[in-house]
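Chain by chain, the residues:
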Amino acid sequence: MAAPVRPTEQAGTASRSGREPGRWSGLAARLRPRATFARHAALALLALVVVVLVLELTGPFRNSQFATMSYYAVAAAGLTVLTGLNGQISLGHGALMAVGAYTTGLLLPADVPLLLVLVIAAGVTALVGVLVGAAAARLKGPYLAGATLAFAVALPGLAIHFDEALGGEQGLPVPSPRPPDWFADAVYFLSANETSSAKYLAYVGWLVAIVAFLLLANLTASRIGRIWKAVRDDEVAAELAGVRLSRVRVLAFAVSAACAGLAGGVLGVVVRLAAPTGFTIVLSISLLTAVVVGGLGSLLGAVLGSALLVFLPPAVTDLGASAGLTDVQAAQLAPFVYGAVLILVILLAPGGVVGTVRARWHARTTAPAGAPEERTGRS
Amino acid sequence: MSPPATTAALRVTGLTAGYGPVTALDGVDVTAGPGRITAVLGANGAGKTTLLRTVSGLVPARSGSVHAGDVDLTGAAPERIARAGIAHVPEGRGVVTELTVEENLRLGALLGKARGRTDTAIDDVYAMFPPLAERRRRDAHTLSGGERQMLVIGRALACGPDVLLLDEPSLGLAPRVVSQIFELLRERVEGSRLAVLLVEQNARSALSVADLGVVLNLGRVVASAPAAELAADDALRHAYLGF
Amino acid sequence: MLQFVNTLLTGLGQGAVYAAFALALVLIWRATRVVNFAQGAMAAFTTYLALLVVESTGSWWVGLLTALAAGLVLGAGVERVVVRRVGPHNELGAVIVTLGLFVALQALAAILFGAQFRSFPAPAGLEGFALGSVTIALTPSMLITVGAVAVVLLGLVALFRFTDVGLRMRASAFDGEVARLLGVPVGRMLTLGWALAALVGSLAGVLIAGGSLVWPAYMDTVIVNGFVAAVLGGLDSPGGAVVGGLAMGVILALVTGYVGSDLVPLAALAVLVAVLLVRPQGLFARTAARRV
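Taken in sequence, the protein lines are chains R, Z and X.
The first sequence begins at 18 in the working numbering and counts up by one.
The second sequence begins at -5 in the working numbering and counts up by one.
The third sequence begins at 7 in the working numbering and counts up by one.
Next comes chain R alone, as it looks inside the complex:
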């Protein structure tokens, strides 16, 4: 784990000013993380097993759906960290994915290895994220939403303007990497299956996703994550405790953008194209839908939400087609449902799937302890 140098100092000053509770939480922090990190590693291994099982037991069509889900999950995870944990909304994540996809499309033909390309895509997008985050650090709520919306609308214009390098309206073709021999051999050894291109990409996507989730889970459980939550819950108190708000916000934006860039890179190789039409506002809002439906701030919720983005459109499109809609009309049912679901979740179950289940669970297990008061107080 890259050690969180600066923010650790900030957390130190934060807890020092809090005297007694500070000492206590310092102790708790020392005891907890190691156990947490071990738990995360175990979960990652478990996830790996599940991924292998699922990909080997399903056909090429499902494989490619899972490949799609992998990059949605990574992008949604980045967004849920930003919005759920740090309280910043972003409608620019679709555009940040575009940065990752175009970077990949530019580097892959130059024979840079795929994994390195993805890392660079994440890095470049993180840099863009720092720029956006720096501009956005002082903004809140609707102002931030509007600014990132403007960003999302503006960025594709660059691809069209610099059409010689970036392919203009047609987009930039991204070569699809072939599975290396050792990989195909390993898969054959494990399951006696041939490795299709779709399967290879799904593996790449999910390996990337597992690593990204492991890093994010550890990050959010660390001091940085706690500082993010402190800033979200009460920025004045956090600032008084010595937290430098703008720096914290920019860092959250950079981490979140890195995830979007990584996801965009995977998207590029899966879709084999980086084109302006692939990164509309609807993509950004779809990601927001995934995150809100899954449960803001929850990594598990991001996975659930990304499953929604992959498996819901074909389902409602089929439904629409069987109800007599034309293909074009049926294709619009998915965004319609996203929008409707987004509204319904906020109005009826603002905690999303994970938040609602968790609240029910808590209500059942801790009902006599007086915990429900807090919930009634909020509602």
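What the hints contain is simulated information worked out from the structure, not anything from laboratory work.
Where is the CB? At the ideal position from N, CA and C, for every residue including glycine.
Fair warning: there could be bad hints in the mix.
What the hints assert, rightly or not - Across the chosen pairs, the derived CB separations fall in these ranges:
1. Ser125(X) <-> Leu342(R): 41 to 51 Å
2. Trp199(R) <-> Ser125(X): 51 to 61 Å
3. Leu165(Z) <-> Ala254(R): 39 to 49 Å
4. Ser263(R) <-> Ala229(Z): 55 to 65 Å
5. Phe123(X) <-> Ala340(R): 17 to 27 Å
Unchecked claim - Beyond 12 Å from chain X on every Cβ pair, some chain Z residues (computed):
6. Arg74
7. Arg180
8. Arg182
9. Glu223
With chain R fixed as given, assemble chains Z and X onto it according to the hints.
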């Protein structure tokens, strides 16, 4: 419920209200009669402001009832209670600072009984508080504290109410301004049908203008008597009124 | 020189529409502290209705009236059914809900009216007036556009300044609690505010479409430009929204004329970032944020 001997303009019976787990009002009985000023006194947190906010519908009552004359207003929405003739001047003035002085007054005069003769109602306020007439076109945020207090009281009176709920009108004002405002209030109430429920931290000056006094402590009524009697009760004064 | 003048004229014509759109955003922001990101999709929806009417009746004006009426109904409905239920002090929830409306309405428009480009007739001629031997970029259509915006603006000013309903609406927006204590039915005033804002937004939608193409997402850039215009003027200031809208129209016309139309959204972003960094309360905000 036994009917009251005389029709009070405002009759509050067994009122209980609070915020979350906190009970701020616990079975309070208060009446305000026409042509009278009734002072509601007590320390910080005694429930005075909650009493007014519950009467005007901003805080939901948990039990008890609120009547204006014969009309049951328990549980009604604030705008309906206002239209029933109860004017509430909230703590901290309640001037709409983005509007001009005249617009603030017009907003009051548009309500219920003054309808159709808004200009007369506004002119009455200007006659009562001449400083407002000079500033009628100004934005209300340019007014001084005393002028703002005149504005909100004038606006409430422009509604032509039967009951006026005044929350801490003396807050942050110079003593001279306070006694000036209280004197004007006294003149306005004398011989009229208006009933005033005056919440005050500043018990001494409130009792000097009021006819009756009600003392709250921790959400309950601990004393209810003519103002002069309360002012003369040394033990009560020391225990609850701080003078 | 002529090109510069023509660019300015085109910009002012576009700016009038941005001004209307920004004004719609400001009306809602003042009343409910919500930036209505669904404004564009709502306007696109009512513009499609207008198109149906124009195609069947042949009258541009009847189409416009249809859009305005539909805007009133849609705005009131959205406030009643959706926005009101979000509750106060839920900034993030309000933003997300309007975004949900945005996507849902846009998709619904595509389902009902088709996703293809359709041309919307212009209210009048699109030929520039001739001044002696030169033709300037001022067209009869543009005059109607600017005139319609001006009429609606003056109507709103009159409503808010000189009528009792307008006074009640302003009081509800500025201080809901005090307004309720003065007997104002605040909920109804907020519904009315949303309805009026949606009417103004619908006007902008039809005016932008006039003599041009519509498709379900044709308002997407207008949302951004209108939002930037509103922030430029200060989200609380209707007058600022108008000036901001005109300014945005001119700036973007200059970028289109001298740099390239692909970069117009980028220019809008640049203006927004510059305003937010230098003067986040906008150029015309009278008082600092009222609520902390």
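Checked hints:
Between Ser125(X) and Leu342(R) the C-beta distance comes to about 24 Å, which lies outside the given range of 41 to 51 Å. Checked against the hint of 51 to 61 Å, the pair Trp199(R) and Ser125(X) passes, with Cβ atoms roughly 58 Å apart. With their beta carbons about 28 Å apart, Leu165(Z) and Ala254(R) fall outside the hinted range of 39 to 49 Å. Between Ser263(R) and Ala229(Z) the Cβ separation comes to about 59 Å, which falls inside the hinted range of 55 to 65 Å.
Take Phe123(X) and Ala340(R): their Cβ atoms lie about 26 Å apart, and the range 17 to 27 Å holds. Not every CB of chain X lies more than 12 Å from the CB of Arg74(Z), the least distance being 8 Å, so the non-interface label is violated. Taking the minimum C-beta to C-beta distance to chain X, about 23 Å, the non-interface status of Arg180(Z) holds against the 12 Å cut. No Cβ of chain X approaches the Cβ of Arg182(Z) within 12 Å, the least distance being about 19 Å, so the stated non-interface status holds.
At roughly 32 Å from the closest C-beta of chain X, the C-beta of Glu223(Z) stays outside 12 Å, upholding its exclusion from the interface.
Checked against the numbered hints given earlier, the structure breaks hints 1, 3 and 6 and satisfies all the rest.
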